[in-house]
Amino acid sequence: MYSEKVMDHFEHPRNVGEIENASGVGTVGNAKCGDIMRMYLDIDDKGVINECKFKTFGCGAAVATSSMATELVKGKTVQEALEVTNKAVMEALDGLPPVKVHCSLLAEEAIHAALWDYAEKKHIKIEGLEKPKTDISEEEEEEEY
Amino acid sequence: MYSEKVMDHFEHPRNVGEIENASGVGTVGNAKCGDIMRMYLDIDDKGVINECKFKTFGCGAAVATSSMATELVKGKTVQEALEVTNKAVMEALDGLPPVKVHCSLLAEEAIHAALWDYAEKKHIKIEGLEKPKTDISEEEEEEEY
Amino acid sequence: MGKMIYLDNAATTKTAPEVVEAMLPYFSENYGNPSSIYEIAGRSKEAITEAREQIAKVLGANSRDIYFTAGGSESDNWALKAAFEAYSSKGNHIITTKIEHHAILHTCEYLEKRGAKITYLDVDQNGIVKMEELEKAITPETILISIMFANNEIGSIQPVREIGMLAREHGILFHTDAVQAFGQVPIDVDALNIDMLSSSAHKINGPKGIGFLYIRKGVKIRSFIHGGAQERKRRAGTENVPGIVGYGVAAARAAETMEERTGKEAELRDYMIRRILEEVPYTRLNGDPKKRLPNNINISFQFIEGESLLIMLDMEGIAASSGSACTSGSLDPSHVLLAIGLPHEIAHGSLRLTLSEETTKEDADFVIEKIKEIVARLRSMSPLYED
Amino acid sequence: MGKMIYLDNAATTKTAPEVVEAMLPYFSENYGNPSSIYEIAGRSKEAITEAREQIAKVLGANSRDIYFTAGGSESDNWALKAAFEAYSSKGNHIITTKIEHHAILHTCEYLEKRGAKITYLDVDQNGIVKMEELEKAITPETILISIMFANNEIGSIQPVREIGMLAREHGILFHTDAVQAFGQVPIDVDALNIDMLSSSAHKINGPKGIGFLYIRKGVKIRSFIHGGAQERKRRAGTENVPGIVGYGVAAARAAETMEERTGKEAELRDYMIRRILEEVPYTRLNGDPKKRLPNNINISFQFIEGESLLIMLDMEGIAASSGSACTSGSLDPSHVLLAIGLPHEIAHGSLRLTLSEETTKEDADFVIEKIKEIVARLRSMSPLYED
Ligand SMILES: Cc1ncc(COP(=O)(O)O)c(C=O)c1O
Ligand SMILES: Cc1ncc(COP(=O)(O)O)c(C=O)c1O
Ligand code: FES
Ligand code: FES
Numbered sequence: 001m002y003s004e005k006v007m008d009h010f011e012h013p014r015n016v017g018e019i020e021n022a023s024g025v026g027t028v029g030n031a032k033c034g035d036i037m038r039m040y041l042d043i044d045d046k047g048v049i050n051e052c053k054f055k056t057f058g059c060g061a062a063v064a065t066s067s068m069a070t071e072l073v074k075g076k077t078v079q080e081a082l083e084v085t086n087k088a089v090m091e092a093l094d095g096l097p098p099v100k101v102h103c104s105l106l107a108e109e110a111i112h113a114a115l116w117d118y119a120e121k122k123h124i125k126i127e128g129l130e131k132p133k134t135d136i137s138e139e140e141e142e143e144e145y
Numbered sequence: 001m002y003s004e005k006v007m008d009h010f011e012h013p014r015n016v017g018e019i020e021n022a023s024g025v026g027t028v029g030n031a032k033c034g035d036i037m038r039m040y041l042d043i044d045d046k047g048v049i050n051e052c053k054f055k056t057f058g059c060g061a062a063v064a065t066s067s068m069a070t071e072l073v074k075g076k077t078v079q080e081a082l083e084v085t086n087k088a089v090m091e092a093l094d095g096l097p098p099v100k101v102h103c104s105l106l107a108e109e110a111i112h113a114a115l116w117d118y119a120e121k122k123h124i125k126i127e128g129l130e131k132p133k134t135d136i137s138e139e140e141e142e143e144e145y
Numbered sequence: 001m002g003k004m005i006y007l008d009n010a011a012t013t014k015t016a017p018e019v020v021e022a023m024l025p026y027f028s029e030n031y032g033n034p035s036s037i038y039e040i041a042g043r044s045k046e047a048i049t050e051a052r053e054q055i056a057k058v059l060g061a062n063s064r065d066i067y068f069t070a071g072g073s074e075s076d077n078w079a080l081k082a083a084f085e086a087y088s089s090k091g092n093h094i095i096t097t098k099i100e101h102h103a104i105l106h107t108c109e110y111l112e113k114r115g116a117k118i119t120y121l122d123v124d125q126n127g128i129v130k131m132e133e134l135e136k137a138i139t140p141e142t143i144l145i146s147i148m149f150a151n152n153e154i155g156s157i158q159p160v161r162e163i164g165m166l167a168r169e170h171g172i173l174f175h176t177d178a179v180q181a182f183g184q185v186p187i188d189v190d191a192l193n194i195d196m197l198s199s200s201a202h203k204i205n206g207p208k209g210i211g212f213l214y215i216r217k218g219v220k221i222r223s224f225i226h227g228g229a230q231e232r233k234r235r236a237g238t239e240n241v242p243g244i245v246g247y248g249v250a251a252a253r254a255a256e257t258m259e260e261r262t263g264k265e266a267e268l269r270d271y272m273i274r275r276i277l278e279e280v281p282y283t284r285l286n287g288d289p290k291k292r293l294p295n296n297i298n299i300s301f302q303f304i305e306g307e308s309l310l311i312m313l314d315m316e317g318i319a320a321s322s323g324s325a326c327t328s329g330s331l332d333p334s335h336v337l338l339a340i341g342l343p344h345e346i347a348h349g350s351l352r353l354t355l356s357e358e359t360t361k362e363d364a365d366f367v368i369e370k371i372k373e374i375v376a377r378l379r380s381m382s383p384l385y386e387d
Numbered sequence: 001m002g003k004m005i006y007l008d009n010a011a012t013t014k015t016a017p018e019v020v021e022a023m024l025p026y027f028s029e030n031y032g033n034p035s036s037i038y039e040i041a042g043r044s045k046e047a048i049t050e051a052r053e054q055i056a057k058v059l060g061a062n063s064r065d066i067y068f069t070a071g072g073s074e075s076d077n078w079a080l081k082a083a084f085e086a087y088s089s090k091g092n093h094i095i096t097t098k099i100e101h102h103a104i105l106h107t108c109e110y111l112e113k114r115g116a117k118i119t120y121l122d123v124d125q126n127g128i129v130k131m132e133e134l135e136k137a138i139t140p141e142t143i144l145i146s147i148m149f150a151n152n153e154i155g156s157i158q159p160v161r162e163i164g165m166l167a168r169e170h171g172i173l174f175h176t177d178a179v180q181a182f183g184q185v186p187i188d189v190d191a192l193n194i195d196m197l198s199s200s201a202h203k204i205n206g207p208k209g210i211g212f213l214y215i216r217k218g219v220k221i222r223s224f225i226h227g228g229a230q231e232r233k234r235r236a237g238t239e240n241v242p243g244i245v246g247y248g249v250a251a252a253r254a255a256e257t258m259e260e261r262t263g264k265e266a267e268l269r270d271y272m273i274r275r276i277l278e279e280v281p282y283t284r285l286n287g288d289p290k291k292r293l294p295n296n297i298n299i300s301f302q303f304i305e306g307e308s309l310l311i312m313l314d315m316e317g318i319a320a321s322s323g324s325a326c327t328s329g330s331l332d333p334s335h336v337l338l339a340i341g342l343p344h345e346i347a348h349g350s351l352r353l354t355l356s357e358e359t360t361k362e363d364a365d366f367v368i369e370k371i372k373e374i375v376a377r378l379r380s381m382s383p384l385y386e387d
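Chains as they are written, first to last, in the working numbering: chain L, 1 to 145; chain E, 1 to 145; chain V, 1 to 387; chain P, 1 to 387.
Worth flagging that the hints you see were computed from the coordinates, not collected in a lab. Take the hints with a grain of salt, since some may be wrong.
Reference listing, derived: stretches of chain E covered by chain V, where coverage requires no fewer than 3 residues with Cβ under 8 Å from a Cβ of chain V [to be verified]: (1) 11-20; (2) 32-44; (3) 54-65.
Simulated crosslink set (EDC-like; lysine to aspartate or glutamate; CA at most 20 Å straight-line) [to be verified]: (4) Lys220(P) x Glu141(P); (5) Lys32(E) x Glu345(V); (6) Lys45(V) x Glu4(L); (7) Lys233(V) x Glu112(P); (8) Lys90(V) x Glu135(V); (9) Lys53(E) x Glu83(E); (10) Lys5(E) x Glu316(V); (11) Lys46(E) x Glu80(E); (12) Lys53(L) x Glu386(P); (13) Lys3(P) x Glu39(V); (14) Lys370(P) x Glu39(V); (15) Lys220(V) x Glu109(P); (16) Lys81(V) x Glu109(P); (17) Lys372(P) x Glu11(L); (18) Lys233(P) x Asp332(V); (19) Lys76(L) x Asp117(L); (20) Lys125(E) x Asp45(E); (21) Lys98(V) x Glu162(V); (22) Lys74(L) x Asp8(L); (23) Lys14(V) x Glu21(P); (24) Lys46(L) x Glu120(L); (25) Lys122(L) x Glu80(L).
Partial pick of chain P residues on the chain V-facing surface, computed with a CB cut under 10 Å [to be verified]: (26) Ala16; (27) Leu24; (28) Gly72; (29) His202; (30) Gln230; (31) Ala236; (32) Ala320.
No experiment lies behind these values; they were computed from the predicted model shown. From the three backbone atoms N, C-alpha and C, an ideal C-beta is built for every residue, glycine too.
This is chain L alone, in the form it adopts within the complex (with noise of 0.2 Å):
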């Protein structure tokens, strides 16, 4: 059911873990599904992201993307995280099932919650960026037939 980019990110994931006094650090979940991801981004004063750690409670497809999306954003000026979608880690990890679409919100959703965390810390605002949902589950759609 996954690809095998999604099953390597899930069988090793990159940069699991935790970041003591973080720049930021976001947590959200989905209450559909029950699933949490935190996400913990050291930045620079440049705003660069040095580092990126995360930790996840949820499926694969949460997992792995976790994973991919810390790649991603790593060594990228915060700007530049902000462009990085679900869209785009999807597609680095070669695509997901249509039911685990939602997944690859979680991470979004977690680098911007971060995001949002270092711009309150620094009390500075980040062009583009809203405050994030904690919550992202959405109205489950009706299959069309």
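Using the hints provided, position chains E, V and P with the ligands relative to the given structure of chain L.
Frame of chain L; chains E, V and P with the ligands shown alone:
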């Protein structure tokens, strides 16, 4: 589905044919299944059935019961022949499947009809013989569960 | 008993050895529940996906519109009952024919008790629906037209294209029971405007107990069997993986061999029909001489009764049928033969021979000889026959 | 991948080789339609009769009360929908539980839309129905009690005898979904006052796509699938002869080996439960410790999520499940685990291991070690776990 005896009488039916100038001829049918049986009796002055022949348009059971019925009445007196019921015919054939019980009634009724015809021609009354129906189809019974 | 000549392929067919071969690994090796997550379950799931595509291809359909069921009867029940429920706000009128299989007719009777109005169309003497009567039967309340693709007893093939067009023009759903036609005649659900189509694997050398209902995208009918999320939540129950796999292979096989196989069958069919009609007096062909299934022969022999004929043929090693096998619980003459106008006693003396790719010319000749003998013998015993 | 340890026998089982063996002749040799009259059809018919008797024997039932279906889901749908129709003049109230399989629950929801009143009984923390609540729920309108024999997720076995007695006292029909129990625990439909019982072959090493509904003589429900006269006119459709034959053999086999097999399984089950609970912190056993299926283990691991656990087990060649396989279309936590009072996040981290006669002590030890490793690993990744 049929016993060996039924198959034997079906494959080698006894007494198929017609009797010219028969003492009595009876034809009965079952409108429900559409089958028809005709019985010819040759009865001597002592009231003994010397000869008995049949023609049947019907299922395997109809053919076999006709055949067996002719065997059973041959040599019997008119009174004895009245006792050749469908039950007796079925027993002689080692039984019939439940859906085929009605077929054996055709044989019983055909004998009665032939005897009735004989009695009418002779202007006699046979003790215990009622005017036979020409259509023996009954109400289909709903199977009970 | 020596060799058997099996001429009852409309009742059921031999499961092709390569079909059984394809099914085997899914019993004791790849036996995982396709809904599960682990590896062997993935193999079941892939196998189902492939079978669905194999079948969809034969119909020119999208594979997501194929829903597996337990057979033709379930498919027919599902199509009718669920359409009646789903479209009840639009109306309660269903149009069908007098020559449908009991899976349609008895379902219609059931729906009548629940408020449906059913029109049972007459057919002409060849067993073909009359388009003018169909058109006249349509009312604003009509929600469904269910007309079989080809008849199981007399083989007549209905004007499906015209029916589809008419249904489409009036915005009415069109379901066809294609249990006898799928794999035997070319079908394209788009070209023919078919909205739902029933089929059953065991009629085309697939296994018994598996069928499908094609449901065009957009048709709003829901589940008939409720429960787990299988078949895109429309048909619950752990998938019959070996059955589905077998069906896929059987469908692909039927499509591939269709032209050659049915060409050969039709030729033999016409040969047998011609000889029997010529060589046995008091006979008639039932069903359309041209618009008929390639393997169907249905002939009435006056003055004799079907069961006796069948038993005698069986004694010669010939398996055939009289009327439709599914209805043999009943003693009534075939409703199809009555619908084309046969009187009771002639309907009773009808014989259906349905050929397969394995039927040979020698088989045909042997069967014809035996029929001649047996019919003569039974006629000599019949009180209806005066020679 | 090397050896697979298959511990998802509640989802489906391997079809036993002797079952496949018994089925094989009915595909390409004795393939006749059992309703037909000729010789090979007779062989199919006899085979069905024998299978029906094999199954009836396991239940202490009369073989004429066994009706073959396409599986547990169809049987459940049939029992509920047809009882609702047949007894509508008596009432519209059905009593069931919150822990039934979706084949029951979704059918109940469907019936609610058609005017049924359904009581969904709570269960206690071990997943057992409370008899006082059942008794209180009965009204003069109650036509049916449908309570599963044993639960598919947590294995808890219901007080079927008491339920049967209560139903009988009140003159209410009693249906039980015994899909998980048939062939695993002794069942006598007369002693237990069971009026209807659903079962599915693939749960006891029979083939997929075949099941039965036991219907006690006198119960007035009619067809769910209308059409031909098969199954004493109560279930139309050409019989799945190989499937039926396989089911008969599987049932006979399950009954014969029951004592020894389930004794061995229960021992291994208890060994695994004890070790996991002792050696892995923050765990709990779900379901009744005593009144449970001999092969069912269901344990929650706090702070971790089921799917990840399953995938990692699969990587080690272990096939298991989390919640019930049939419902994997949904992301919601198992309704059964919620019904016994688990909070969402703990329900999510539950693992079901269901053993088979082939599971060995070595398998068990290997699996326990792997669970320990994987749980530790996933917890170290979990934002909920602070060690
Ligand atoms: C308790 C229970 N009922 C019903 C079913 C449905 O059976 P099937 O999938 O064979 O239709 C299952 C298993 O899937 C089950 O475990
Ligand atoms: C035209 C037609 N419809 C439906 C069916 C029912 O199919 P099944 O017996 O596979 O359920 C049959 C054959 O039995 C058929 O010939
Ligand atoms: S299912 Fe919840 S994150 Fe994937
Ligand atoms: S069915 Fe009519 S006589 Fe047997």
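### Task
Taking the numbered hints from earlier one at a time, note which ones the structure violates and give those numbers from smallest to largest.
none
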